[in-house]
Amino acid sequence: MADTETHYNGYTGSMAHFRIAIVLCAVLAAAPLPAFSYNIPVPVSQALKQAGIPQSAVGIYVQEIGATKPLLAVNAGTPMNPASVMKLVTTFAGLELLGPAYTWKTELYADGTLEGGTLRGNLVIKGYGDPKLNLENFWLLTRRLRQTGLHEITGDLVLDSSHFDLPSDNPAAFDGKPHRAYNVLPEALLVNYRTLALRLIPQPGSKTVRIVVDPSLPSLELKNSLKLTNGPCNEWRDALDADIRTTINGNVRVSIALNGSYSTNCGEKTLYLSVHDTADYIFGLFRQLWEEQGGIFRGNVRTGITPEGMTPLETHQSPPLADIVRDINKFSNNTAARQLYLALGLTSALTAKLVTGLTADPAAGLPPRVPAGGVGNTIPNIASAYDKPPATLAKSEMALRRWLASKRLSFPELVIENGSGLSRNERISTGHLGALLLAAFQSPVMPEFISSLPIAAVDGTMKKRLNDSATAGQAHIKTGLLDGVRTMAGYVLDKSGRRVAVVFFINHPKSGIAQPAMDALLHWTYERP
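Following my numbering, the numbering of the sequence shown begins with 1385 at its first residue and continues without gaps.
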């Protein structure tokens, strides 16, 4: 638009020529708009060139809210790996389909006879996919159980995860690091993400590193052979060698031997590891918390199904979805995103919309629509089974595509595997993600959605970005990072008070050094005339 305005401001031709120009403009306005492909802003292109990244490996889409066309669109129709920016699709869908106040429940059942303060039988824990049944909330659950008056449990702890039906998967499949917290797989009953927090605390006086483990489970053995150094901190996790072994000799024992070096300059850091299986982790933690509160537990642990017709002894509700979405986007929580994605397939809100007459869209996986009462009216039949447990990946993908169709958004290139972006297969174009951001800004859940995004130079994964720039505090941006992938998407409030949707993907082996290019685009968007 700036080039066009400059041209007409400088127009010096005759009135006849001016009329011809007006007619020509009208014809062009009536014609279909071409695919937009503007030049990348000079600071961005220079940063990409310095990083050795060609324009063919880049996708950019920038559009002001309320505008009819983008300010900038480069390879905007090309399917690319979005990394963790895919969480924007999952969280926006979750907020609209489930609602910001949606909560997950976890139920406790007494499968046996209650005699005074004694349960002569089993305690059953049934999970429904709570993404935030963390250490604090699990402690609260056991405390609430203790407050019912229950003191002793003679039977077993039975873990019911039947609310999810997922294929067997290998946590090492993504990058060969099965014990890293980001690789924890979704489960209907997932306590504290099944992780241990190892706080590394330098002790310069003794030239050692103190390690505090939380939770410190009885089955865990820690061997600390870390050496304290004075070098730069850099990638401190890569300087640690964690030798993790599991032995089963009557009881399960897990040993972690930490070797390598840790720099004093790192200060206190926390290493998150997942080294136990579900049963051992929940059993060890439950028994520890139960006994700390004066309870007695005499049984073992096993998986099972909650008997039908039972009334819960206690029910725990998760924090509302609006809070959980903030955790997912601010800190790029992969496991919580996958838990949320699985909840999408069991929402009844979309089912009701389908049954009441949403036009079928074959591209979104909708069956043919037949007049109500006619033979073969398949939507109600599918919908009747659509939102019933267990949750599956197929149900979630169908729900997501139907939701997009209900918003008149067609993303034929979309490939969604688990909803978190922790995938080599997921794909979306920057243009379509930009369209999603524009739609989100007009949604009733817009405030919850935007407030969940990291703020430049303030918090989340953007806390250390653009700190000395005028853009600091003016951009809500979700970031993504995988080997060979660097991405960002969100909103910038420019210096004139205009809100702008910004999407920038780089799929290239050198993407890891492309942050200056992305920061340059955010600054360009903020400073534009």
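FYI, nobody ran anything at the bench for these hints, they're computed from the structure. Careful: at least some of the hints might be erroneous.
[What the hints assert, rightly or not] In silico BS3-like pairs for lysine-lysine, Cα to Cα no more than 27 Å straight-line:
hint : residue 1 : residue 2
1    : K1653     : K1561
2    : K1489     : K1433
3    : K1847     : K1894
4    : K1879     : K1894
5    : K1791     : K1772
6    : K1772     : K1516
7    : K1714     : K1848
8    : K1848     : K1433
Status of the hints after comparison with the structure:
1. K1653 with K1561: 19 Å, holds
2. K1489 with K1433: 51 Å, violated
3. K1847 with K1894: 23 Å, holds
4. K1879 with K1894: 32 Å, violated
5. K1791 with K1772: 23 Å, holds
6. K1772 with K1516: 23 Å, holds
7. K1714 with K1848: 13 Å, holds
8. K1848 with K1433: 24 Å, holds
Hints 2 and 4 from the earlier list are contradicted by this structure; the remaining hints agree with it.
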